[in-house]
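Protein chains: 2
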Amino acid sequence: MSTSVAVIGGGPAGLQAAATLSHLGLDVTLVEQQNFLGGAVARHQYQVLMPDFSSGPELLKRLIQTVNEDPHVKVYTGTTVGSVLESDGTFHIQLEGAHQESIKAQAVVLATGFDHFNPARDGKYGYGLFPDVITGAELEEMFAKGPIRRPSNGEIPESVAFIYCVGSRDRQVGNTYCSRVCCAVSAKQAIELRQQLPKARISMFYMDVRTYGLWEDTLYWRSQEEAGVVYVKGRIAEVTQLHGRPVLKGEDTLVRGPFEWPFDLVVLAAGMEPSRGTHDLAQKFQVSLESHGFIQQASPMQNASLTNRPGVFVAGAASGPKAIEDSIAEGDVASLAVYEYLKAKVTL
Amino acid sequence: MSTSVAVIGGGPAGLQAAATLSHLGLDVTLVEQQNFLGGAVARHQYQVLMPDFSSGPELLKRLIQTVNEDPHVKVYTGTTVGSVLESDGTFHIQLEGAHQESIKAQAVVLATGFDHFNPARDGKYGYGLFPDVITGAELEEMFAKGPIRRPSNGEIPESVAFIYCVGSRDRQVGNTYCSRVCCAVSAKQAIELRQQLPKARISMFYMDVRTYGLWEDTLYWRSQEEAGVVYVKGRIAEVTQLHGRPVLKGEDTLVRGPFEWPFDLVVLAAGMEPSRGTHDLAQKFQVSLESHGFIQQASPMQNASLTNRPGVFVAGAASGPKAIEDSIAEGDVASLAVYEYLKAKVTL
Chain A
1 MSTSVAVIGG GPAGLQAAAT LSHLGLDVTL VEQQNFLGGA VARHQYQVLM
51 PDFSSGPELL KRLIQTVNED PHVKVYTGTT VGSVLESDGT FHIQLEGAHQ
101 ESIKAQAVVL ATGFDHFNPA RDGKYGYGLF PDVITGAELE EMFAKGPIRR
151 PSNGEIPESV AFIYCVGSRD RQVGNTYCSR VCCAVSAKQA IELRQQLPKA
201 RISMFYMDVR TYGLWEDTLY WRSQEEAGVV YVKGRIAEVT QLHGRPVLKG
251 EDTLVRGPFE WPFDLVVLAA GMEPSRGTHD LAQKFQVSLE SHGFIQQASP
301 MQNASLTNRP GVFVAGAASG PKAIEDSIAE GDVASLAVYE YLKAKVTL
Chain B
1 MSTSVAVIGG GPAGLQAAAT LSHLGLDVTL VEQQNFLGGA VARHQYQVLM
51 PDFSSGPELL KRLIQTVNED PHVKVYTGTT VGSVLESDGT FHIQLEGAHQ
101 ESIKAQAVVL ATGFDHFNPA RDGKYGYGLF PDVITGAELE EMFAKGPIRR
151 PSNGEIPESV AFIYCVGSRD RQVGNTYCSR VCCAVSAKQA IELRQQLPKA
201 RISMFYMDVR TYGLWEDTLY WRSQEEAGVV YVKGRIAEVT QLHGRPVLKG
251 EDTLVRGPFE WPFDLVVLAA GMEPSRGTHD LAQKFQVSLE SHGFIQQASP
301 MQNASLTNRP GVFVAGAASG PKAIEDSIAE GDVASLAVYE YLKAKVTL
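So the sequence lines, in the order shown, correspond to chains A and B.
So in the numbering used here, spot 220 of the first sequence is number 220, and the numbers just go up one at a time.
So in the numbering used here, spot 144 of the second sequence is number 144, and the numbers just go up one at a time.
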């Protein structure tokens, strides 16, 4: 019998894990609930990736082609995990959906990714009520599909506001963590917007600008110095609407004054949450969640992919908010952990 | 002839790379210029690691023991790289110091780590002039060696200030990037300080608090809510001394007022720079540096460890500021990249 690994989730982390596991001599079944591979990059049609402005479609093409051309990787899209039984270190996984079969795996990689926070859950942003209030993911789709226009009337926006930390760092909505990438993604989007909207006023309303590491000057400073984006340290109390335009009410915490400013377009930098399936899969595979509902890393200083359960590993945003390149790296890290786990059990 | 890999640098990234390369069936020579392994963790005696308050010595013990006990890893401490010649994909490396020999390697991993910014280079902090102005690394050494006391007079400090972004995000000193971990490390240190100094006033002077991801509530919020640490958004113009105590002069950018506050102890959160040897090694191995002097990642979305030169890989803080667990993960990522590179060349 060949030694087989189940990878659950076909985003960047899962795709990388599937490819690398195969390179290490293992047979892989890659299970993806959507009818397409690529995870959030595909779902939201990310065109231009942070931090290096590389192409999202090209990244996906490479990752997807690699697994599709690999005879040792079975790709099951439109498929979900039903029941899971383990005996003697072998996982018997009943699949549902497009591939209703039972598979056996000696190890499992959970790469179930994230969902964006839905800003409709927090009434103060007016999301779902005011057509010109959109999410960052919806802005990505606008970049993909055509020119930037106000959804309400199709006009070119003359002023755009980004609101940071929507659904992140917010005890009231229950998400006390930071989503890591939204600051830098917003800076990237503002730089892209500037190319399309040379005259627009672009303002960022932030608590802290977390363009950490080498993103600092390449994204944050560049957005200010080249794209003329203005950063306002301010808390948004609510978004209302007046004369058909969204109005941001809040307090500028630097100049200590309240403001009430209309904008043509408001972009909500909505954070990351554990994907809808994560809780259910964690139960099925009996792995622990950490306090925010992400899959708990049992020993990150030893290996980022270890869970509390031997034979079950995690990669990518399933264990917390993460940038794409970090998710891809964790696909490798998980593959190595699987390899070493199985090497200790069987002769590969 | 066995297939051999040279790992340059014996910090967490290099140690992890050496161990993993061996697990993948390769022979490794680990070259470390210091007389000890462990990189910055050993050099500064980090006792309690961020983010999980795990033990630095235990981490090092595990990493070092693994390579020392591995018959496929030769460990050369006190050794540096002299000349490097490549022919037909084999690197001929002349070593200097404790092991003056020539080694052959089919691939090289550069894991040359970082140095802390030396605050004496920026006169405004009074570092080197005022005894009670210390660096975060020196505070770690205080934690390791004994109780926290004022260097000037041995008294228990009643007030402690941390200054963030020393040598980071600062065009004047030439470091335009953010060092990623100093915010969170300072929060960790403040929580530790509180245990020793239950009554001290502890203040953090910051530009942005970048406790990204899951560090937000576990370190930033916890330092405020459990340890009573006060965060002041403020820029420090200079540190002077009055009546034997350091005085912070600056502007509180939130309440818009100048301040001039004395403290018993001032901790400079000094950022990360490319290690002294990085530039020289990059020249010897003909790999490109990015704009800040770190080793350039050629294609991070494909693999974090790729450089512009085939056969030469990078791991850890040599390519930019990085947390310890990220450096360890990159040791794995680089090992896999080496493995796949060599697999394409020879039969392993």
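No lab work stands behind these hints: they were computed from the structure.
Take these hints with a grain of salt, some might be off.
To be verified - The following label-pair restraints were derived from C-beta to C-beta distances:
id: 1; chain 1: A; residue 1: Glu158; chain 2: B; residue 2: Gln224; range: 37 to 45 Å
id: 2; chain 1: B; residue 1: Pro198; chain 2: A; residue 2: Arg171; range: 49 to 57 Å
id: 3; chain 1: B; residue 1: Val230; chain 2: A; residue 2: Gln286; range: 50 to 58 Å
id: 4; chain 1: B; residue 1: His72; chain 2: A; residue 2: Ser299; range: 18 to 26 Å
All C-beta atoms in this analysis are idealised placements derived from N, C-alpha and C, irrespective of residue type, glycine included.
Exercise for review: Given the range 49 to 57 Å, decide if the beta-carbon distance of B:Pro198 to A:Arg171 lies inside it.
Suggested key: Distance hint for B:Pro198, A:Arg171 is violated at roughly 26 Å.
Point to revise | Hint check for A:Gln286 and B:Val230 - Cβ pair distance inside 50 to 58 Å | key: Since the Cβ atoms of B:Val230 and A:Gln286 sit about 43 Å apart, the hinted range of 50 to 58 Å is violated.
Exercise for review: Hint says 18 to 26 Å; check whether the CB-CB distance for B:His72 and A:Ser299 agrees.
Suggested key: 24 Å, holds
Check your understanding: Is the gap between the beta carbons of A:Glu158 and B:Gln224 within 37 to 45 Å?
Key -> Between A:Glu158 and B:Gln224, where Cβ atoms are some 40 Å apart, the hint holds.
In summary, the structure is inconsistent with hints 2, 3 from the numbered list given earlier, while agreeing with the others.
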